[in-house]
Structure formats: structure tokens, C-alpha cells
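Listed below, chain by chain, are the residues.
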Amino acid sequence: MNDMRMTERARLMQDIKISARDVNVYYGATRAINDVSIDIRDKTVTAFIGPSGCGKSTFLRCFNRMNDTIESARVTGTIELDGRDIHAPDLDPVQLRARVGMVFQKPNPFPKSIYDNVAYGPKIHGLAASKADLDDIVERALRRAALWDESKDRLTASGTSLSGGQQQRLCIARAIATEPEVLLMDEPASALDPIATAQIEELIDELKENYCVVIVTHSMQQAARVSQRTAFFHLGDLVEYGDTGQIFTNPKNERTESYITGRIG
Amino acid sequence: MSDTPHTAPRGRIDWADPALSERLRLRKRRQFWLKALGLGAVGVAALMLFVLIASLVVTGYQAFRQTHATIEVNIDPFQVDPANIRGGNFDDIIETAILAYFPDVEAPGEQREIVRILSDGAEFQLRDRVLDNPELIGERVSITVPLSDPYDLLNKGLIDRTTPEENRRLKDDQIARFDTLAEAGIISQPLNTALITNADSRFPELAGLKGALVGSFYALATCFLLAFPVGIGAAIYLEEFAPKNRLSDLIEININNLAAVPSVVFGLLALAVFIGWFGLPRSAPFVGGMTLALMTLPTIIIATRAALKAVPGSIREAALGVGASRQQVVFQHVLPLAMPGILTGTIIGLAQALGETAPLLLIGMNAFITSAPETPFDSATALPTQIFIWADSPERGFVSRTSAAILVLLTFLVTMNALAIFLRSRFERRW
Ligand SMILES: Nc1ncnc2c1ncn2[C@@H]1O[C@H](COP(=O)(O)OP(=O)(O)O)[C@@H](O)[C@H]1O
Ligand SMILES: [Mg+2]
Numbered sequence: 001m002n003d004m005r006m007t008e009r010a011r012l013m014q015d016i017k018i019s020a021r022d023v024n025v026y027y028g029a030t031r032a033i034n035d036v037s038i039d040i041r042d043k044t045v046t047a048f049i050g051p052s053g054c055g056k057s058t059f060l061r062c063f064n065r066m067n068d069t070i071e072s073a074r075v076t077g078t079i080e081l082d083g084r085d086i087h088a089p090d091l092d093p094v095q096l097r098a099r100v101g102m103v104f105q106k107p108n109p110f111p112k113s114i115y116d117n118v119a120y121g122p123k124i125h126g127l128a129a130s131k132a133d134l135d136d137i138v139e140r141a142l143r144r145a146a147l148w149d150e151s152k153d154r155l156t157a158s159g160t161s162l163s164g165g166q167q168q169r170l171c172i173a174r175a176i177a178t179e180p181e182v183l184l185m186d187e188p189a190s191a192l193d194p195i196a197t198a199q200i201e202e203l204i205d206e207l208k209e210n211y212c213v214v215i216v217t218h219s220m221q222q223a224a225r226v227s228q229r230t231a232f233f234h235l236g237d238l239v240e241y242g243d244t245g246q247i248f249t250n251p252k253n254e255r256t257e258s259y260i261t262g263r264i265g
Numbered sequence: 001m002s003d004t005p006h007t008a009p010r011g012r013i014d015w016a017d018p019a020l021s022e023r024l025r026l027r028k029r030r031q032f033w034l035k036a037l038g039l040g041a042v043g044v045a046a047l048m049l050f051v052l053i054a055s056l057v058v059t060g061y062q063a064f065r066q067t068h069a070t071i072e073v074n075i076d077p078f079q080v081d082p083a084n085i086r087g088g089n090f091d092d093i094i095e096t097a098i099l100a101y102f103p104d105v106e107a108p109g110e111q112r113e114i115v116r117i118l119s120d121g122a123e124f125q126l127r128d129r130v131l132d133n134p135e136l137i138g139e140r141v142s143i144t145v146p147l148s149d150p151y152d153l154l155n156k157g158l159i160d161r162t163t164p165e166e167n168r169r170l171k172d173d174q175i176a177r178f179d180t181l182a183e184a185g186i187i188s189q190p191l192n193t194a195l196i197t198n199a200d201s202r203f204p205e206l207a208g209l210k211g212a213l214v215g216s217f218y219a220l221a222t223c224f225l226l227a228f229p230v231g232i233g234a235a236i237y238l239e240e241f242a243p244k245n246r247l248s249d250l251i252e253i254n255i256n257n258l259a260a261v262p263s264v265v266f267g268l269l270a271l272a273v274f275i276g277w278f279g280l281p282r283s284a285p286f287v288g289g290m291t292l293a294l295m296t297l298p299t300i301i302i303a304t305r306a307a308l309k310a311v312p313g314s315i316r317e318a319a320l321g322v323g324a325s326r327q328q329v330v331f332q333h334v335l336p337l338a339m340p341g342i343l344t345g346t347i348i349g350l351a352q353a354l355g356e357t358a359p360l361l362l363i364g365m366n367a368f369i370t371s372a373p374e375t376p377f378d379s380a381t382a383l384p385t386q387i388f389i390w391a392d393s394p395e396r397g398f399v400s401r402t403s404a405a406i407l408v409l410l411t412f413l414v415t416m417n418a419l420a421i422f423l424r425s426r427f428e429r430r431w
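In order, the protein sequence lines correspond to chains A and B. For the first sequence, counting from 1, position 225 maps to 225 in my numbering; every step adds exactly one. For the second sequence, counting from 1, position 137 maps to 137 in my numbering; every step adds exactly one.
One chain only, chain A, in its complex shape (with noise of 0.2 Å):
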């Protein structure tokens, strides 16, 4: 009782969006992910780093339930959103996917026009009232993703016709168009060229003064860049987690100073 009180003080106090405790996720029956618990900050950047297949986006998609999807996996633990348990049964995954928006490593616009892929999630959620809410919703939504300007001329156009930057803003765009809370990205620049991946990473910047950001990037500079907290993991577990500046500058334990200087690849 007394326990559990203080995890919601300090929930409360350090303004927790996401709790997950004791999470193991398996494929089969090899374990990806061993006991992890971490809490993550609203509006905040929490970056995972880690070396390649370390569990970075496995865990990653703990949050929003996307294992689920995947016939194989299986996930134990709690995860708990603003209190909440996610995986409680009258919790419907579809429902948290609209709180919890998840921008995919390769742009994956859908192949229809710029417009309908902004307005797809609304629609389905039954967030417009009217086509002029659609409306309002999609430029809000292409605004705060930075891409209003160049297309607000050509909304009808295919969103697959847009260059590889503009089609991450606009998975951007389509992930914040139900309005999350949340906001996951598994490497969104990681197949951009330096001047997208600028832009995505100044979106980034801003997008935190509204959602809970959790990026996964391989890349430490940008981690450097763009977050507040990082969390390192290796070989499924989370090593060490902390403010950003710590952890590049004066990391605690023995392997996260290994990885950050390039002896773990």
C-alpha cells in the first residue's frame, strides 16, 4: 500500500507518462527483452540507443502493443500508461494505437493521397465531426509537422510521390493527427539523407512541448542532439538509464562507457 503510493507521488512529481516494470518480451522461445522497468517523462525526448539488435524497437513497440501483431512474440510484465495498465482487458490495443502514434523507420505513406493519409486515423477513430473538421484537423496536423507549406498545393497528390524527408513528415503528420499523447519513432531518419534528418530532428525538438517523445537511434550524436533522457540497453537489458548529458558525459556503468566510446559496436 505504502509502496504504491509512493510510485504515484513520484509518478506525479517527476510527471511520468509511462511506467513499464519487470518487462520480458519473447520471440518463441528466445527472450528479447530480460526484467526491464523504466519510466519515461512527459514531454520530454527519451532516446534509446544500444547496439543492433539489442531490443531498442522490440521494446519500443511494448508500447503501443505492435508485439501483439507479431505471431511469435509474447510480452509479460506491466506497462502502465498514465497510470493505466495497458494490457488490461477492457483495453483495446486499436484504441491505445490512437494515443500512442508510432512513426516506422522507412517511410511508409500509405499509397493514397497526401490528405487521406493524414486523415486516415481520425477517420477511423470518428474524430471529425464534419469535413470541415477533417479539414482543420489535417492542416493542424501537417502544420505541427512541418510539411503544410509544401503541400498544402497539392494535398490530392499521392503521398508516395513526396521525396523521402517530406514522406517521414508526413508519417509524422499522420501519427499526431489523432492527437496521441505519446509519440514512438524507431529510427525515422535512419534512411534519410543530413538535410531531412536536420529537419526531423528540429520537428522533434518541438514536437516535445507536446507529447511524451521515445526515439530509437542508432546514432549517438543525434541521441546527443535531440534528447533529454537516454536509456542504453545491450543484449535485452536496459544498462543504464539517465539524463542525456550523464550518460555521454559521465556514464556509471563499465558497458555504456564501452559503448559510447566505440568499444561495443
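By construction, these hints were calculated from the structure, which means they are not laboratory data. Since the model is a prediction, treat every value here as computed from it, not as a measurement. Glycine is no exception: its CB is placed at the ideal position from the N, C-alpha and C atoms. Heads up, a few of these hints could be off.
Not the full set, but computed from the structure, chain B residues with beta-carbon under 10 Å of chain A [to be verified]: (1) PRO243; (2) PRO312; (3) SER314; (4) GLU317; (5) ALA318; (6) LEU320; (7) GLY321; (8) ARG326; (9) PRO336.
Guided by the hints, dock chain B with the ligands onto chain A, whose structure is given.
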């Protein structure tokens, strides 16, 4: 470190080395032979196709024209009662008209021979014309009627006048009578529209494909309406929703094997189940279509599953990521993207079904039926079974008509396949 035997460079390739150039020569020769064999195979296939089409055209083109005679008939009100046109004496009217070209012939036997120059269908053609225009009664009108098969062949040069009389189908006096008509300038050889507008007939000059075309259409429509939704439904379930376990593996293997089952087996099954148990009518295009649907189903399921599989996972992830349900992902994203592939597979499956003969023979779609079916439940033939019937008929006139019917069938098949190719190239996507 870098000087250990395992990291030191091992000498470069010597371009002047004769062994090297020998290896290169060998490689080039192998490549040459591979290319030559490939070209040869393509050449043989093209040649066979050419021979097939050429032989069909050579024998079949004659059937696209039909010899006709234009005669003046007197529609005598004494012979045709306006109140009972059907009971009119049209054979007498035709007889009088054709005999008018032979004023000297008196013998009834010879007169009968003359009348036989015209097709037996001539009187019905005249009757139908008067039925449509009763005001013609009492008038003198000219009507163009088909010649019977031997005279048609004679006019087309398929009966050789130089063969000895005893080996010829038409004797000298018969040829002389035909020549009399030809000299009178009443013989013509217009396009044989009857080939499409008539149903089957015992007489080659009257026989057409209408019954077979309508029968095939009904059968294919039934096949499509059954196999398309069922096939897509099954494929969607198996591909998108079914749990991957022993049972679904077993079903998958069975469906793949079903595609390889000989079509005659489906015919036997249909005969036993649809006609034997359910008591559905024999020879009906509807039953034919159900049988063809059994055969087409695996093709459609396999094509649909392949098309669904080809939709990249990133699209599914994108839709799931914004909170679409599995069902919304499938119906709003995956299925529309897979549609061109599904349609291509379906059209190819239907084209197969259109050419399928054996199962239709088993359910009796090779019956002799002289009118086109009005509904899918009437007896009818289909294009391939009609070809089968004609190929089996003794009359010479059916030889060219068989080839012509095959050409018609091939035209449909080529058109359907072209449509499939068009769809595939038009909607092909690169992600
Ligand atoms: N769908 C899957 N099925 C089975 N194993 C998987 C699957 N996805 C990831 N894995 C395994 O889980 C581990 C973590 O993968 P992932 O989360 O993609 O790592 P990261 O994103 O850090 O590179 C890897 O060993 C990977 O092989
Ligand atoms: Mg990853």
C-alpha cells in the same frame, strides 16, 4: 602482424596467363551454347504456335463466308394466310421461285434436286421475314438464302470439278445446275453472320455458335460469381487471419493440390453431386459454371494469397500503427492494393475455365440443341463442347466451321489474357 602468411597478398592475376584465357574462352563458349539453346527453344515454341494458328486459319477462314442465292419470291396470299402466317406454305413459294430459273425441267425427281441446292433453312428464313413484316403478303420480294453445304463447298472451290465424277460429291448434272444459277448472277458469298447469330443445326450452312456463346457466357458468369467471392474470402482468411498450425498447413497443401487435379475428376464430382444428389438439370450452363467454379477456386485462392503476400508489411504496420483493426487493415489497405493481382489471377483462371471441355462433357453440355438458352438453367452447349460436337460431325461443312469456332474461342482467350497483362502492367507498383 600484417606479414603473417594469412594476410599477405597472394600475387595478382596475370592477364597474359594462357590458362586464364583458356578458362575465359570456355566460359564464353558455354554462354554461347546456353543462349543458342534458349533461342532454339523459343524458336520451336513460336513455330508450333505459328503452325497451329496457320492451319486453323487455312481451314477455318472459309467458314466466315457462306454462299447465298438471291431469289425473287412471290408471297401469294393463297399460300400464306395473314391470320396464320406460321402455317404458310413457304416451302412451295421457295420451290416455285428457284424452279423459275429452270423452266425446262419437268421431272419431279429433278425438281427436287434443284430445290436441294438451297438450304433447308430457306423456308424458315422467309417465314421469319414475313412474320416480322406481314405487309409483305401479296408482294414480290427478293430474299437471300444460304445454299446447302455441298453447293457452298463447290462455290468455295472445296469440291474439285476435275476429279472423276464417281469420286465427286456433286455429279456433273448437279454442277451444271449450279452453274446455271451462277450465270443468272444470283450467287453471292457474303460474310457468314449466321456463324454468330444462329444456334447449332444439323445443317452446316445453318449452324452457328450463338447457343455455345450464350452457354459459355452463363457458365463463366456463374463460375465468376461463385469462385471470385469464395476464393477471395478463403484466401483472406488463410493469409490474414488463420492461425499458422497443422490444420491450416493441411488446408494449404490440399488447396495447392486441388489446382493440379485433372478437370475430368471435377466433372465426375459435379455429375455425382450436383446432378445426382441435388437433382439439378443436365446440360445446364449453371451446373457447368458450378463445376468450373470448383476448378477455378484453387487458382483464385492461390493468386489472391500471392497478391496479398506481395503487399509490403510496412503498409500493414502503418495502418496498425494509427490504430486500424486487423479487419480495417485488410479491407482498407491490403485488399485494394492486392486487387490488380487478384483480378489478373481471376481472369487467367476464367480463361482456363472457358477452354475447359472434359467436365462439361460429363455433365452433358454436349447435347444437340438448336436454340440458344434463355436462362442459365436451360440446356446449352459451351464453346469448347460445341467444337467437340462439330469436330465429331460427318458433314464436310463442319470441318471449316470447327476451325472457325476454335478461332473464335482463341480470340476470347487471347483477349482475356491481354486484359490480364494490361491490368498487371497498368497497376504494377513499386514500393
Ligand atoms: N519478429 C521477430 N521474430 C523473432 N525474433 C525477432 C523479431 N524481431 C526481432 N527479433 C529478435 O529480437 C532481438 C532484438 O531485435 P530488435 O528489437 O529489432 O533490435 P534493435 O531494434 O535494437 O536492433 C534480435 O535478436 C532480433 O533478432
Ligand atoms: Mg530496430
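Status of each hint after checking the structure:
1. PRO243: holds, 8 Å
2. PRO312: holds, 8 Å
3. SER314: holds, 4 Å
4. GLU317: holds, 6 Å
5. ALA318: holds, 4 Å
6. LEU320: With a closest approach of 6 Å, the LEU320 (chain B) hint holds.
7. GLY321: Holds, about 4 Å.
8. ARG326: holds, 8 Å
9. PRO336: holds, 9 Å
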